[in-house]
Amino acid sequence: MNIIQCYAPTNDYNEDAKDQFYDRLQSIIEKCPTKDLTILMGDFNAKVGTDNTGYEDIMGRHGLGERNENGERFANLCAFNKLVIGGTLFPHKRIHKATWTSPDHTMQNQIDHICINKTFRRTIEDTKSQLYGSLWNNQLSGIQHSSSTSLTTKKHLTAWTG
1 MNIIQCYAPT
11 NDYNEDAKDQ
21 FYDRLQSIIE
31 KCPTKDLTIL
41 MGDFNAKVGT
51 DNTGYEDIMG
61 RHGLGERNEN
71 GERFANLCAF
81 NKLVIGGTLF
91 PHKRIHKATW
101 TSPDHTMQNQ
111 IDHICINKTF
121 RRTIEDTKSQ
131 LYGSLWNNQL
141 SGIQHSSSTS
151 LTTKKHLTAW
161 TG
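The opening position of the sequence shown corresponds to residue 1 in the UniProt record's numbering, with each subsequent residue numbered one higher.
In case anyone wonders, no lab produced these hints; they're calculated from the structure.
Careful, some of the hints might be misleading.
[As the list claims (entries may be wrong)] So the derived label-pair ranges between C-beta atoms look like this:
| # | residue 1 | residue 2 | range |
| --- | --- | --- | --- |
| 1 | Tyr13 | Asp104 | 22 to 32 Å |
| 2 | Asp12 | Lys35 | 17 to 27 Å |
| 3 | Glu66 | Glu15 | 28 to 38 Å |
| 4 | Lys35 | Thr106 | 42 to 52 Å |
From the three backbone atoms N, C-alpha and C, an ideal C-beta is built for every residue, glycine too.
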């Protein structure tokens, strides 16, 4: 089993930094034997959205929002490596899709993801996000939520990110 946990640059970062991140991530994925279960998870700052046109093999239509530039990069990486984006596969309430909420609670995004190689797709029972309690952050003078995303498989393996 291979587990890769990472944090990607935000959509606002310069293109070189994002290219470098995805190149390094690709080189790590390439080192994982394809016959092994590989779980890729983390904060990708990537909105993949609900439109899976061209990506039907690696994502469902149950994402959140619309795809952004990082979402396009992330979806391409997953397609190239045959990694299924778990958070798009199962219908859930918005609160169980969102992995980030703005300080004023007006915006929610799904930017943290858990992926599994397509070979093991049928072992996934569910993927959903949970927001944990409110934490006071003096610097932002607002309320922040921490979240985690879980992936549950039929072999009773649970992976968490967040």
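- [ ] Evaluate the given range 17 to 27 Å for the C-beta pair formed by Asp12 and Lys35.
- [x] Violated: the Cβ-Cβ distance is about 38 Å, outside 17 to 27 Å.
inquiry  = Tell me if the beta carbons of Tyr13 and Asp104 are separated by a distance inside 22 to 32 Å.
reply    = holds (24 Å)
query: Lying within 42 to 52 Å: is that true of the beta-carbon distance Lys35 to Thr106?
result: holds (45 Å)
Report task. State, for the Cβ atoms of Glu66 and Glu15, whether the hinted interval 28 to 38 Å holds or is violated. Result -> violated (20 Å)
Checked against the numbered hints above, the structure breaks hints 2, 3 and satisfies the rest.
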